[in-house]
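S.K.: Chain by chain, the residues:
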Amino acid sequence: MAGVAAAGAETMNAIYDTVGIGWRPELAAGILDHHARIDLVEVIADDFFGEPRRVRALKTLSAQVPIALHGVGLGLASASAVETWRIERMAHLVESISPLFWSEHLAFVRADGIEIGHLAAPPRSDATVDGAAENLLRASRIVGVKPFMENIATLIEPPGSALDEASWISKILSASDCDLLLDLHNVFANGLNHGYDPKEFLRQIPAGRIRAIHIAGGKLISAPDGTQRVLDDHLHDVPDPVFDLLEEAAALSLNPLSVILERDGSYPSMESLLAEVSQARQALARGRTRRAERVEVPG
Amino acid sequence: MSAKQFEAFLARLYVDAGSRARLRSNPLAEAKNAGLSNAESKALENIDWVGLEMASQSFANKRELRRPRSRFSSLTDRLLRVISFLSDRVRRHSGRRGLE
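Residue numbers (my numbering), protein chains in the order written: chain A, 3 to 301; chain B, 25 to 124.
Honestly, the hints are just simulated from the structure, not real lab data.
Each hint can be trusted.
Quick list of in silico lysine to any residue cross-link-like pairs, SDA-like style, CA-CA up to 25 angstroms: (1) B:K86 <-> A:E28; (2) B:K28 <-> A:D114; (3) A:K148 <-> A:P68; (4) B:K28 <-> B:S61; (5) B:K28 <-> B:W73; (6) A:K221 <-> B:A84; (7) B:K66 <-> A:P226.
Per label pair, the in silico range of CB-to-CB distance: (8) B:R87 <-> A:Y18: 37 to 43 angstroms; (9) B:A41 <-> A:R55: 35 to 41 angstroms; (10) A:R56 <-> B:S61: 41 to 47 angstroms; (11) A:L34 <-> B:N70: 48 to 54 angstroms; (12) B:Q81 <-> A:S176: 30 to 36 angstroms; (13) A:D166 <-> B:R48: 22 to 28 angstroms; (14) A:K61 <-> B:V74: 45 to 51 angstroms; (15) A:A30 <-> B:W73: 41 to 47 angstroms; (16) A:E117 <-> B:V74: 23 to 29 angstroms; (17) B:L52 <-> A:Q284: 50 to 56 angstroms; (18) B:N70 <-> A:P258: 39 to 45 angstroms.
For glycine and all other residues, C-beta sits at the position ideal for the given N, C-alpha and C.
Kindly generate the complete structure, drawing on both the sequences and the hints.
M.R.: Pasting the structure below:
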C-alpha cells in the first residue's frame, strides 16, 4: 500500500491519505497487476445487487485490495421517502463486503414512478434538506453505517431553489450527521457552468466533513446559445484545476482523505492512470504541507 | 403544490420532450395546469432553458446506456420488495399496537 503521510508530520500527528481507482471491468486486469500502487478501489454497488456470483467475486477482490462501495440509484436527496427495499439491497451488500465506507449522491433519480436515468439535482430548498435528512437517517439505520454523500454535477441550476449549493449541502450534512464525498470535478464543472469560484465553494462547505474525494475529467460541450458548458463524463484525463482543488481540500481538511480516480471509458493505458494517481498523491502532499505550515506559524 | 409534486414535475420535464415544449410555449399555463404555486410558476418562468435541454439530453444518453437487467436480478428485486413490504407492514402494525 502506498498511502501518503502528510509532509510536516514530524511536528504533528501524521495524516494518512489514500489514493485509489474506480473499479471497472475494463480496468480489472490492470488494477490487479498494480494493486501494490493502489490503496483502494471503489466499486459501483448497484452492479452487484441481486448478483450473488458477482458478490462472491467481490469478496475475493476485497482480500486483495480495500474496497469502498459507491451507490448510484438510491436518490436519497429527495422530498420523497426512498423505498425500504432499495436501502435493504445496499445493507445486504455492505454486510457481505464490509467495505471501508459506502457512499451515495446528493441527488434524486426518480419521482412519481418516472425514472430520470441519472443523478438529477433537486430544488435546493428546506423541503429537500428535510427529505434528504430523513432518508439519510433511515438509510444509516438500515445499513448500520452512515454513508458519505457526494455533491453532483448539474448542467442546469435546479429550478425552485432557495439555497445556494454550498449552504444546501452543509445543511443536509449537519441535519443527517453524514460526511462528504467531495467530487472535485463536479465542483469545477458547476463553478464554470453556473458562475462561482470553486475554491470559494471549498471554503464554504464544512472541511471537517470531507472524508473522501473523487477526481475525474470531462469535456466542454457547446450549448445551443453558443456558450460552452462542462460535461462531467469521466472520459478524459483529470484537468490541472482539479488537482489544484485537491491541494486546496488537503490544505483545508484535517481528516485522512480517500481519493478515488474515476474513469468510465475511453480508457488510457494503466500507466497513464497510475500517473494520475501519482499526481493526486503529490497534490495531497502539497496541501498537507501548507496545512502544517499554517498550524506551525502562530497567528 | 408539495415539494414531492414539484420534483415529479421536474422529473417529467427531464424525460419528456413534449412536456418541455408545452412549458416553453406557455410557462404560466403549463404551471397552472400542473397545480404549481405562484412561487413555483415563477421559478419555471425563469428556468435556464439551455441547461434544461442539455441536462435532458444527458439524462437520455444515460438511459440509453443503461444495461438491461438480468432475469435473475429482477426476480431477486421482486422478492426483496415483497419481504420489505411485509416487514414494513409488521413494523407499522406492531407500532400501532404499542401506541394502544
